[in-house]
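Generate coordinates for the entire structure from the input sequences, incorporating the hints supplied.
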Amino acid sequence: MLDKSRLSLMLGLCILATQWLLAWYWVPVDDAQGEVYRIIYLHVPAAFAAFTSAFVLAIASIIALRSKTNANLDLSKAATEVGLMFTILTLATGSIWGKPTWGTWWTWDARLTTTFLLALMYGGWLLLHNATPEGPSRVRSCSILGLMIAVDVPIIYKSVTWWRTLHQPQTILRSGGSTMDDDMLSLLLAGIAIMLFVCISMIFVRRTNISLERELEQRSLGAMV
Amino acid sequence: MAKRSKSTAWMIGIGVIAIAVTAIAMTQISSNIVYFFTPDEAQAKAAEITGQNIKVGGMVVPGSVEWKAEALDLAFTISDLKGHEIRVKHKGTPPDMFKEGQGVVVEGSISNDGTSMTSRKLMVKHSEEYKKPGSHNGDLNKELLEKSLFKDQVPAK
Chain A
1 MLDKSRLSLM LGLCILATQW LLAWYWVPVD DAQGEVYRII YLHVPAAFAA
51 FTSAFVLAIA SIIALRSKTN ANLDLSKAAT EVGLMFTILT LATGSIWGKP
101 TWGTWWTWDA RLTTTFLLAL MYGGWLLLHN ATPEGPSRVR SCSILGLMIA
151 VDVPIIYKSV TWWRTLHQPQ TILRSGGSTM DDDMLSLLLA GIAIMLFVCI
201 SMIFVRRTNI SLERELEQRS LGAMV
Chain B
1 MAKRSKSTAW MIGIGVIAIA VTAIAMTQIS SNIVYFFTPD EAQAKAAEIT
51 GQNIKVGGMV VPGSVEWKAE ALDLAFTISD LKGHEIRVKH KGTPPDMFKE
101 GQGVVVEGSI SNDGTSMTSR KLMVKHSEEY KKPGSHNGDL NKELLEKSLF
151 KDQVPAK
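Here the protein sequences come in this chain order: A and B. As numbered in this note's numbering, the first sequence has no gaps in its residue numbers, which increase by one up to the final residue, 225. As numbered in this note's numbering, the second sequence has no gaps in its residue numbers, which increase by one up to the final residue, 157.
Certain hints may be false.
In silico negatives: residues of chain B with every beta carbon more than 12 Å from chain A [stated by the list, open to error]:
| # | residue |
| --- | --- |
| 1 | T8 |
| 2 | G13 |
| 3 | A47 |
| 4 | T50 |
| 5 | G51 |
| 6 | S64 |
| 7 | E66 |
| 8 | A75 |
| 9 | K82 |
| 10 | S109 |
| 11 | D113 |
| 12 | G134 |
Heads up, simulated DSS-like pairs for lysine-lysine below, C-alpha to C-alpha not over 30 Å straight-line [claimed, not checked]:
| # | chain 1 | residue 1 | chain 2 | residue 2 |
| --- | --- | --- | --- | --- |
| 13 | B | K142 | A | K68 |
| 14 | B | K68 | A | K158 |
| 15 | B | K99 | B | K142 |
| 16 | B | K89 | A | K68 |
| 17 | B | K142 | A | K158 |
| 18 | A | K99 | B | K121 |
| 19 | B | K55 | B | K68 |
| 20 | B | K99 | A | K68 |
Derived by calculation from the structure, the hints in this document are not laboratory data. Beta carbons are placed, not taken as given, at the ideal position from N, Cα and C, and that holds for glycine.
Structural data, given as structure tokens:
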């Protein structure tokens with residue numbers, strides 16, 4: 001049962017484990033924060049994976065909206081599930097990081113609020129998908145919601161430059177170059193690349209399963225009739 | 001026909017959810033567009049907002065921190081580096097990253113004349129700079145914090 005997406009997911013998870021070991025033992029501590037900053041190597045890649053899932057969801061939604069006949073939401077559902085997981089991971093790691101450094105688990109600044117909204121909307125998509133019967137109206141409504149979710153991502157990303165926040169501004173993609181030492185930056189960029197690979201692999205593995213599930217349901221329904 | 005009305009109902013449902021989500025987002029975000037006041041802004045409207053629970057962000061003035069460990073009494077001055085300063089009284093241990101020259105967001109109430117604040121919650125706003133020990137650049141850190149804290153400060157009239 002080892003198809004390509006499964007193999008690439010396993011490979012990705014192995015490289016991810018290596019990156020985590022480097023994050024724990026190889027990369028230097030941060031001068032201002034000490035050891036606790038190492039959670040950045042999980043927090044930031046997880047956030048980028050949550051954003052990428054929304055991007056996949058947007059593409060899948062457009063495809064589903066355009067191909068009216070036989071359209072299914074397998075890819076959208078897979079992207080939403082994976083996206084929700086990564087958004088929760090982002091919120092959780094951010095919260096754990098915020099307590100020792102900011103002095104609070106949570107605050108309603110623009111960055112945190114818009115990220116929380118992303119988690120709610122991913123959850124809402126799954127509820128909507130679950131609550132509607134299969135058919136063109138489900139494809140339409142879920143796809144529209146999928147596009148709305150994707151709109152939140154650039155808002156989250158720019159929130160720290162648009163509004164006053166407790167959350168610090170971007171470290172990597174900023175004018176004037178990165179504000180991180182080279183060793184730290186290269187490991188973080190590697191972490192993001194690996195996490196995106198893992199994220200995409202997860203989405204495709206999940207899509208295969210969702211499609212199989214749906215086909216099995218249809219066949220057993222056909223056999224009953 | 002029944003099918004048609006069902007899908008219409010769903011479309012309306014989605015519309016309502018969309019509007020609700022947007023509305024919540026807008027109110028939640030707009031009340032947090034000003035997540036904190038700068039010392040300048042807080043002082044300008046101190047008489048109006050005194051007694052309310054507000055947030056003020058600023059830099060901890062070097063040499064201004066007084067810490068009485070046994071009583072858990074902390075006092076320090078926050079500044080916008082443009083001459084507006086507020087003396088803050090806080091009860092309790094500050095976050096680990098609290099220090100002189102650091103960015104902070106203080107939640108609490110401001111005095112009528114805008115010169116002092118009683119803090120209920122003290123949060124650290126650190127910069128996006130990550131450096132290995134020994135290569136820290138104090139000036140860059142200050143510059144980043146200043147930029148992030150006071151980026152859209154409206155000059156008081």
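Exercise for the section: Return the numbers of the hints above that this structure violates; sort them in rising order. Expected result: Those not satisfied are hints 1, 2, 12, 13, 14, 16 and 20.
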